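Engineer: Based on the hints, put chain G in the right spot on chain B.
Here is how the chains run, residue by residue.
There are 2 protein chains.
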Amino acid sequence: MSVLVVGSTALDSIKTPTAENPRLLGGSASHAAVAASFFAPVKLVGVVGHDFPKRYVALYKKHGIDLTGLQIVEGKTFHWSGEYEVNMNNRRTLSTELGVFETFTPHLPDAYKNSPYVLLANIAPSLQHHVLDQIRKPRFVVADTMDLWLNIALDDLLKLIKRVDCFVLNDSEARQLTDDSNIPRALKKIHKLGPKYVIIKKGEHGSILSGPSGLFIAPAYPLQKVCDPTGAGDSFVGGLLGYLASQNGSIEKNLRRAIIHGSAVASFCCEGFGLNSTTRATKQKIAARVRELEKMVGF
Amino acid sequence: MSVLVVGSTALDSIKTPTAENPRLLGGSASHAAVAASFFAPVKLVGVVGHDFPKRYVALYKKHGIDLTGLQIVEGKTFHWSGEYEVNMNNRRTLSTELGVFETFTPHLPDAYKNSPYVLLANIAPSLQHHVLDQIRKPRFVVADTMDLWLNIALDDLLKLIKRVDCFVLNDSEARQLTDDSNIPRALKKIHKLGPKYVIIKKGEHGSILSGPSGLFIAPAYPLQKVCDPTGAGDSFVGGLLGYLASQNGSIEKNLRRAIIHGSAVASFCCEGFGLNSTTRATKQKIAARVRELEKMVGF
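Residue numbers (our numbering), protein chains in the order written: chain B, 8 to 306; chain G, 8 to 306.
Among the clues, some could well be false.
For lysine-lysine, the following DSS-like pairs were computed, each having C-alpha atoms within a straight-line distance of at most 30 Å [to be verified]:
(1) K209/G <-> K203/B
(2) K302/G <-> K169/B
(3) K203/G <-> K166/G
Hints were generated in silico from the structure; no laboratory data involved. The structure presented is a predicted model; accordingly, all values stated were derived computationally and were not measured.
So here's chain B without its partners, still in its complex pose (with noise of 0.2 Å):
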């Protein structure tokens, strides 16, 4: 079954201690898009500008990506600018041009608006919420955000966790999003506000997911080199909802699998700038990452 992303559509220009790369492919939704599409089919909603390089437009396709939702509109692209510290982890934004996105509604064609998966990838819970207005009786929903939205429209976020039926946030976000230090205890207050499953990131932590049948431990996929981790969570629900809409049975049988092929996405993400690592992933070489996960747990 297919997968519906919503997201940042967007230029990166990404400094790290070793290396410098403007203007490469980014937004959660390219990484999710990307991520999702090694296992369904994928279509994208998203807008750029008539900046957006063509070899983009034929990054998409090669991917099998369904672009008819893909705005492309008079203006610039969204661009982020950003630099890496020595330890890979701490990032600061350098700049931030909202460009085309500044305007963008997302409107759904209507072969979209039957997609079973649908994950709403990290943008403004506003369009998170418009998206989900247009979706007919959708299987499964997910969606991720980043701590801007927390500082600046929590009515909005916390009105679209109710909605949606898995909530995913990295650890400092849970923290700010309870107020709690303590992530066991973080996760039950994140149930109140809705979800039935919530998943918390963790970075080379790996990511915990709380549900019906408890707490799964995922591990992350340990790198020896982490060239660059932008859009590595964007990877990980993408990769984590494409395999669920691949797989017969309940979500809940699905899930925890599910995750760890999110985990080893997201790992081919973090070996390349933008998406250069993660477009020279198959199928097959996530498998592998996910039996080698497979003997790295069991005891």
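Structural biologist: Just chain G now, with coordinates in the frame of chain B:
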């Protein structure tokens, strides 16, 4: 088979945001010995002063710990005092009074010298060497350490690392020792210093073992209430080595389950001040948490 534990035997005065407890039984050897005692007979090596409360001697005895190697000498027991921040991860030392530890030289009773399993719990590396010098053909030697020894006794520590089968340290110590912020790379660098097995403790994020059959990513037991994490790392290595000593078969075969047992015991440690909660654990309660962890990581 039995476990020899050498380390500090101390009185800890601990302040958290919600409570304050003076002169608790503490020290790396106390935590490790009690943790190991759930699985195997334990022989303790340490030193205390005449002010050491009799109830603490009784506590050791209640756990069947052999105290032939515990020196009780003129002077004051090592006293550490520290304070935790609200997140219960960051702590600062308020005072350290070495007392009788200042002149301590561990002498092993003859009956200790054939101990097959040896835990060099956190203590000055020179003392860890001194204990190893007195041991005949141990089957498995584990050494733990702390940042203090990296700062003031690095040469001694590097020589010690060469002599042990398994070296245990936490993530920030691993980064400091290897000057590398990447944990998988740090593990490789520490292997080059000598030990066959390296375990990096990551607190609430669990631990990671590196050995001949690759990496093992181990979870911490998720706790909704952390009362006092002092001694959790010592309980982890104690539980780990106690479990190993209780099992037939190769180290390689048993080490992963041993780590999970260490995690489970450490979780009890965190639930009370000092050893208050650890001493209320039982082999059955620990086994129940091991089963829970097994369910939490399966996919």
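Engineer: Hint by hint, note whether the structure agrees.
Structural biologist: Comparing the hints with the structure gives:
1. Distance hint between K209/G and K203/B is fulfilled; the C-alpha atoms sit about 29 Å from each other, no more than 30 Å.
2. As the CA atoms of K302/G and K169/B are separated by approximately 28 Å, the hinted pair is consistent with the 30 Å bound.
3. A hinted pair counts as satisfied when its Cα atoms are at most 30 Å apart, and K203/G with K166/G qualifies at roughly 15 Å.
Hint compliance for this structure: every hint is met.
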